[in-house]
Amino acid sequence: MMPILEVISVGSGMTLQDSGRSGWRRFGVAPGGAMDQHGMVQANRLLGNLQHAPVLELMRQGAQLKVLADTWLALSGGGFCAELPAWSARFFEAGSVLHFSELSEGLWAYLAVPGGFVAPKYFESVSVDTRSGIGSGLKQGERLYAKGPIIAGQYPRVRQRQVHPDLQKVYPDEQQIRLLPGPQYDSFAADSRRLLVEGLWQVSPRSDRTGYRLDGGVLEPAPSIHSEPVISGSIQVTTDGLAIVTMRYGPTVGGYPKIAVIREADLDQFAQCGPGTRIKFIWEHY
Amino acid sequence: MGDFKTIRYGERGLLVCDLSFEIRIRLESCAENQSLPWLQEVVPGYDSLLFLMQSENCLPALVRWLSAQDLSAQWDDSDRGILEVPVCYNGPDLRTVAEAIQCSVETVIELHSSAEYRVRMMGFTPGFPYLDGLPERLHLPRRGSPRNHIKPGTVAIGGSHAGIYSVASPGGWNLLGETDLRLFQPEKSRGDVDGSEAAFHLRVGDRIRFVSIGEFAL
Numbered sequence: 001m002m003p004i005l006e007v008i009s010v011g012s013g014m015t016l017q018d019s020g021r022s023g024w025r026r027f028g029v030a031p032g033g034a035m036d037q038h039g040m041v042q043a044n045r046l047l048g049n050l051q052h053a054p055v056l057e058l059m060r061q062g063a064q065l066k067v068l069a070d071t072w073l074a075l076s077g078g079g080f081c082a083e084l085p086a087w088s089a090r091f092f093e094a095g096s097v098l099h100f101s102e103l104s105e106g107l108w109a110y111l112a113v114p115g116g117f118v119a120p121k122y123f124e125s126v127s128v129d130t131r132s133g134i135g136s137g138l139k140q141g142e143r144l145y146a147k148g149p150i151i152a153g154q155y156p157r158v159r160q161r162q163v164h165p166d167l168q169k170v171y172p173d174e175q176q177i178r179l180l181p182g183p184q185y186d187s188f189a190a191d192s193r194r195l196l197v198e199g200l201w202q203v204s205p206r207s208d209r210t211g212y213r214l215d216g217g218v219l220e221p222a223p224s225i226h227s228e229p230v231i232s233g234s235i236q237v238t239t240d241g242l243a244i245v246t247m248r249y250g251p252t253v254g255g256y257p258k259i260a261v262i263r264e265a266d267l268d269q270f271a272q273c274g275p276g277t278r279i280k281f282i283w284e285h286y
Numbered sequence: 001m002g003d004f005k006t007i008r009y010g011e012r013g014l015l016v017c018d019l020s021f022e023i024r025i026r027l028e029s030c031a032e033n034q035s036l037p038w039l040q041e042v043v044p045g046y047d048s049l050l051f052l053m054q055s056e057n058c059l060p061a062l063v064r065w066l067s068a069q070d071l072s073a074q075w076d077d078s079d080r081g082i083l084e085v086p087v088c089y090n091g092p093d094l095r096t097v098a099e100a101i102q103c104s105v106e107t108v109i110e111l112h113s114s115a116e117y118r119v120r121m122m123g124f125t126p127g128f129p130y131l132d133g134l135p136e137r138l139h140l141p142r143r144g145s146p147r148n149h150i151k152p153g154t155v156a157i158g159g160s161h162a163g164i165y166s167v168a169s170p171g172g173w174n175l176l177g178e179t180d181l182r183l184f185q186p187e188k189s190r191g192d193v194d195g196s197e198a199a200f201h202l203r204v205g206d207r208i209r210f211v212s213i214g215e216f217a218l
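Chains D and S, in that order, are what the protein sequence lines are. The working numbering puts the first sequence at residues 1 to 286. The working numbering puts the second sequence at residues 1 to 218.
The hints are simulated quantities; they were obtained by calculation from the structure and are not laboratory data. As the structure is a computational prediction, the values presented were derived from the model and not from experiment. We put the CB at the ideal spot given by N, CA and C, even for glycine. Please note: incorrect hints may appear among the correct ones.
List time: in silico DSSO-like cross-link candidates among lysine-lysine, alpha-carbon distance up to 30 Å [what the hints assert, rightly or not]:
(1) D:K121 x D:K139
(2) D:K169 x D:K280
(3) D:K147 x S:K188
(4) D:K139 x D:K66
(5) D:K147 x D:K121
(6) D:K169 x D:K66
(7) D:K169 x D:K147
(8) S:K151 x D:K139
(9) D:K66 x D:K121
(10) D:K66 x D:K147
(11) S:K151 x D:K121
(12) S:K188 x D:K139
(13) S:K188 x D:K121
(14) S:K151 x S:K188
Not close to chain S: a few residues of chain D, all C-beta gaps over 10 Å, as computed [to be verified]:
(15) G11
(16) R90
(17) F92
Derived, one-sided and incomplete: chain S residues facing chain D with beta-carbon distance under 10 Å [as the list claims (entries may be wrong)]:
(18) F4
(19) V42
(20) Y46
(21) D47
(22) F124
(23) T125
(24) F128
(25) P129
(26) A168
(27) F184
(28) P186
(29) V204
(30) R207
Could you put the whole structure together from the sequences, leaning on the hints where they help?
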């Protein structure tokens with residue numbers, strides 16, 4: 001274990017993340033973890049890490065990191081870093097600085113280090129969940145540690161490693177997301193079910209890791225229900241007809257009816273949709 | 001034989017609905033005690049139980065398992081001890097609640113602390129208990145506008161439930177007092193997974209009574 005990076009600027013936010021927590025929802029603990037699990041896995045694979053090793057998750061822009069040791073680093077997801085293109089890994093000398101800029105297309109970027117980052121685990125995960133008081137975010141000047149081993153000549157005569165093109169994601173400004181009926185699908189009016197797939201939706205700027213609000217239309221509310229479990233990707237409709245997608249840090253139970261749930265395979269892609277991305281939903285069935 | 005109303009919920013979820021408290025608790029403990037290989041986790045709702053499977057392919061195994069459950073035997077947990085929650089009744093909404101039901105603050109405290117409660121489910125935040133058993137006179141709507149910051153340990157009522165805030169959070173319930181019990185201690189989950197349950201003071205099904213340890217000082 002050795003210091004590998006120093007936070008010069010946190011930008012719009014950075015936390016250490018992994019695959020999150022499983023099995024604790026019944027106590028009210030959200031799964032958490034990297035918002036885009038595919039991005040996390042690919043960054044780790046570039047360095048030969050376990051695929052769920054802790055990575056640094058960077059939100060959108062402004063972050064700066066100083067490299068403290070000669071090492072390979074990998075980046076994936078929706079970030080834009082001048083020194084390290086997304087979906088690739090390369091060697092850095094101690095003293096180099098990584099700059100993340102606003103040119104990014106997605107919301108979340110993932111930086112992996114050899115062996116993964118070292119951080120305290122709560123319920124077997126390093127995932128920081130500030131809403132639940134689990135862990136804390138990173139601060140300027142903080143040093144991050146890699147599990148290692150850090151071998152400068154790990155990939156001799158290799159200048160850059162890349163994720164296979166089929167596994168590299170792009171984040172176009174128009175996206176299609178597939179839906180399955182939610183538990184209360186039948187109690188919504190046919191017009192609301194139609195509006196969900198005929199309208200053009202955008203993630204509201206008033207969104208966070210617990211939930212993405214959808215702008216683009218008002219749905220007819222359905223009768224309220226007794227609080228029941230809520231899974232990530234559920235589209236809840238409030239009493240005002242506002243649609244909110246519960247994300248990985250959202251409450252584990254809730255009383256709003258759920259019209260739909262995003263297909264698991266599309267949830268990483270949806271998580272990368274920032275304000276401005278136009279979203280077209282498509283109904284699929286069980 | 002089990003005959004349950006179920007709804008699909010996402011690829012890996014099956015929601016079992018319209019369960020009585022007793023049946024829900026027994027079905028949950030059956031699932032947890034059998035270490036079923038196809039099951040990722042079960043999550044209780046108010047009158048529902050969500051089964052999250054390891055993969056969508058496990059659905060037939062889950063449906064078979066559900067139909068084989070026999071919950072007809074008598075169930076009795078009256079020998080389960082009652083946990084006491086010490087409360088200092090100094091909450092900012094005591095007077096509002098008293099005015100709403102046209103009684104004195106002392107009566108509000110008396111009503112709240114004389115009832116026996118049961119942890120119906122947990123959620124909202126880690127370790128937050130939704131408590132059944134609130135006397136009907138105290139069933140009041142939530143506040144029109146939620147507060148931004150409520151301290152952990154704050155004892156509150158909302159609708160037909162009583163609760164205790166477990167972490168600092170926003171919230172719309174009426175606040176009656178505070179306890180120094182820590183309902184959620186994440187630092188106790190730092191070790192191995194089997195010990196991590198120690199992070200929670202309460203379990204679903206626990207019986208609870210509030211005990212006044214101090215009068216309001218407003």
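We went through each hint and held it up to the structure:
no.	hint	verdict
1	D:K121 x D:K139	holds, 18 Å
2	D:K169 x D:K280	holds, 18 Å
3	D:K147 x S:K188	holds, 23 Å
4	D:K139 x D:K66	holds, 14 Å
5	D:K147 x D:K121	holds, 14 Å
6	D:K169 x D:K66	holds, 27 Å
7	D:K169 x D:K147	holds, 27 Å
8	S:K151 x D:K139	holds, 24 Å
9	D:K66 x D:K121	holds, 25 Å
10	D:K66 x D:K147	holds, 18 Å
11	S:K151 x D:K121	holds, 25 Å
12	S:K188 x D:K139	holds, 24 Å
13	S:K188 x D:K121	holds, 11 Å
14	S:K151 x S:K188	holds, 20 Å
15	G11	holds, 25 Å
16	R90	holds, 35 Å
17	F92	holds, 32 Å
18	F4	violated, 14 Å
19	V42	holds, 7 Å
20	Y46	holds, 4 Å
21	D47	holds, 5 Å
22	F124	holds, 6 Å
23	T125	holds, 6 Å
24	F128	holds, 6 Å
25	P129	holds, 9 Å
26	A168	holds, 7 Å
27	F184	holds, 7 Å
28	P186	holds, 5 Å
29	V204	holds, 7 Å
30	R207	violated, 18 Å
The structure is inconsistent with the numbered hints 18 and 30, although it conforms to all the rest.
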